[in-house]
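Novice: As a plain string of letters, each chain reads:
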Amino acid sequence: MFRMTHISVRELTRVYEQKDRPVTALSGIDLDVGKGQFVSVIGPSGCGKTTLLRIVAGLLAPTQGKVEIDDIPPIDASRKQEIGVVFQDPSLLPWRTVAGNVRLPIELQRSKNGCSTGSEVEDLLNTVGLEDFRDAYPHELSGGMKQRVALARTLAVRPKILLMDEPFGSLDEITRTVMRYELLRIWDQHPITVLFVTHSIAEAVMVSDRVIVMSERPGRVVDVFDVDMPRPRVPSLEQSREFIELTARVKAALTGAMRGPIAA
Amino acid sequence: MDQSLPETNRLDTPDGLGASEVSPNHHLLSLYLYSYVRRAVLPVAVLFALVIAWELWVRVTQIPEYLVPAPSAVASRLFSDLGYFSFHGTVTLIEALGGFAIGSIFAVTVAVMMAHSRLFERTLYPIALLVKVTPIVAVAPLFVIWFGFGSFPKVMIAALITFFPVMVNTLIGLKSVNPTTLDFFRSLDASQIDILTKLRAPSALPYVFAAFRISLPLSVIGAVVAEWFTGDRGLGSVIIVAHNNIDMPTLFSAIVVLAVIGVTLTGLAALLERRFLFWHESQQSRYVL
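Same order as they appear, the protein sequences are chains A and B. Numbers given in the numbering used here equal positions in the first sequence, counted from 1, plus 873. Numbers given in the numbering used here equal positions in the second sequence, counted from 1, plus 1016.
Calculated directly from the structure, the hints in this document are not laboratory data. Each hint should be verified, as a subset may be incorrect.
A few chain B residues facing chain A, derived, Cβ under 8 angstroms [claimed, not checked]:
1) Y1050
2) D1205
3) Q1208
Derived SDA-like pairs: lysine to any residue, alpha-carbon spacing no greater than 20 angstroms straight-line [what the hints assert, rightly or not]:
4) K1191/B <-> K1033/A
5) K1214/B <-> D1008/A
6) K1214/B <-> A972/A
7) K1214/B <-> R969/A
8) K1214/B <-> K1033/A
9) K1214/B <-> A1069/B
10) K1214/B <-> E980/A
11) K1214/B <-> N999/A
12) K1214/B <-> L981/A
13) K1214/B <-> P967/A
14) K1033/A <-> D1199/B
15) K1191/B <-> W968/A
The calculated label-pair distances, taken between Cβ atoms and stated as ranges, are [unchecked claim]:
16) K939/A <-> T1125/B: 41 to 51 angstroms
17) K953/A <-> G1166/B: 53 to 63 angstroms
18) E1111/A <-> R1202/B: 29 to 39 angstroms
19) K939/A <-> L1140/B: 39 to 49 angstroms
20) L1288/B <-> S918/A: 38 to 48 angstroms
21) A1154/B <-> D949/A: 55 to 65 angstroms
22) V1107/A <-> I1121/B: 58 to 68 angstroms
23) A934/A <-> I1209/B: 39 to 49 angstroms
24) E993/A <-> R1202/B: 15 to 25 angstroms
The beta-carbon is built from N, C-alpha and C at its ideal position, and this holds for glycine as well.
The following block holds chain A by itself, in its conformation from the complex (with noise of 0.2 angstroms):
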């Protein structure tokens, strides 16, 4: 199927300027990624997986190669708040209750173009089962739930792409498990542009329309898979034959890009 491109990353390095040395995070990578795609980057720790979503968000500048949003410059998408990001940590501001956090970009827009409305907020809210807890404060909040509140931040500007580092990363594997399957069901509702993070395999297979495989330091793009199982994807999809095969196939090709004793 074809689909407009959304994300263009062209020949992407990045070099860190060390005290002794410089240190190459991100080598030459290409990707991209349609319009309303669900792709996820999987790979070692340290193989620049964040940096990568950092300078797809605009808080980055690449040291060689483009990135493009819609040809044009993340820097400027993020000027239009076109780019959603959830980090790992929830990064919540404690002293403002549920709703207040998920009014705050709201606040944030320069141009006030209107829909800053409460009930905006209330269907945010709605959408990510927190409705009860709209006066409740963070430190009352379990980290499922914070990292809830961080999704419903995050989708109040009505961002085009969503853009996740590990956001489930901290949780526990219930837990995680349980925000997966929610995190598909808001996206089936809003089928926006997805670039997510992550270390987890299963979780990488299960969501997304595409898996890309990348190698340790200096990180480069090592296998990309495309996952073609039926939509809505339910937590039953995990027996079947597709994403077992799949998975293995996605470890197999992250453990060839590993080096030391584990890829023996």
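Guided by the hints, dock chain B onto chain A, whose structure is given.
Specialist: Only chain B this time, still in chain A's reference frame:
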């Protein structure tokens, strides 16, 4: 001792949310007052015992009043002339609070400017440090010569002594923002004003309150020291006059009033901290350090 503070606003209590819907902070405040009183019982009892021991010691040894007055003599001096002490106490308190307010406003302004400009920080920080390390006792007579005998030099000294702790803490606080939260603000292209008012300023509040706890009593010290050099009003001048007359009951009465002012101000600062920092980790610990 802190376990006396029951869990409020917590979702795992049966009516946690119901209570917070009514008025969470009022609820929390009265509970805090209750635990505050409970925690005060033991130290007050010890203090009371010490005062009794002191009274007995003075009576048994017949030590002359110009060396150590009996607590009863101090109390009778204090309560027989309550108007006198409350007048001078109020003068000192107003000077201290005025200086505290001026010093804090100035300190916060400078800290905000320093947080936004490295050049500003590198230029002003050493000067502020220089002012801080100069003993206030050395500057006080100078201020009296420059600013006259009214309240102004006392307010200025109190402001000066307040300035540094508030400035340093506010600066650290403004810089101590969660880097991920800052990234989130930046990913939405938030303006510098929004980053300051919606992120940096609230993040700095715990640090600012910690500074207030230090500089509120300091401002009283500043006012008293400044009053030593001009002999008309305030507890500092009361102390100097009583000292010259070897009038120990008056001297001790002034000290007692100063101690009461200090305790009240510190308590007030702690109460405000509870009110405004209910969300901060420091207010949620139920364990004794």
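Novice: Determine whether the Cβ-Cβ distance between K953/A and G1166/B falls within the hinted range of 53 to 63 angstroms.
Specialist: Given a distance of about 59 angstroms, which is inside 53 to 63 angstroms, the answer is holds.
Novice: Is it true that the C-beta distance of E1111/A to R1202/B lies inside 29 to 39 angstroms, as the hint says?
Specialist: holds (37 angstroms)
Novice: K1214/B and R969/A were given as a pair; does the straight-line alpha-carbon distance stay at or below 20 angstroms?
Specialist: holds (10 angstroms)
Novice: Are the Cα atoms of K1214/B and A972/A separated by 20 angstroms or less?
Specialist: OK: K1214/B and A972/A at ~15 angstroms, within 20 angstroms.
Novice: If you check the beta carbons of K939/A and L1140/B, does the distance land in 39 to 49 angstroms?
Specialist: With Cβ atoms ~42 angstroms apart, the hint holds.
Novice: Regarding the hint that Q1208/B lies at the interface with chain A, is the smallest CB-CB distance below 8 angstroms?
Specialist: This interface hint is violated because 12 angstroms lies over the 8 angstroms limit.
Novice: Has the hinted range 38 to 48 angstroms been met by the Cβ atoms of L1288/B and S918/A?
Specialist: holds (44 angstroms)
Novice: Take the C-alpha atoms of K1191/B and W968/A, compute the straight-line distance between them, and say whether it is at most 20 angstroms.
Specialist: Satisfied, since the Cα-Cα distance of roughly 17 angstroms is no more than 20 angstroms.
Novice: Are D1205/B and chain A close enough, Cβ to Cβ, to be under 8 angstroms, as the hint says?
Specialist: At 5 angstroms from the nearest chain A Cβ, D1205/B passes the 8 angstroms test, so the hint holds.
Novice: Please work out if K1214/B and K1033/A have their alpha carbons no farther apart than 20 angstroms.
Specialist: violated (25 angstroms)
Novice: At the C-beta level, are K939/A and T1125/B separated by a distance inside 41 to 51 angstroms?
Specialist: Because 43 angstroms falls inside the window, the suggested range holds.
Novice: Taking 20 angstroms as the top limit, are the C-alpha atoms of K1033/A and D1199/B close enough?
Specialist: holds (18 angstroms)
Hints 1, 3, 4, 8, 9, 11 and 23, counting from the list given before, are not met by this structure.
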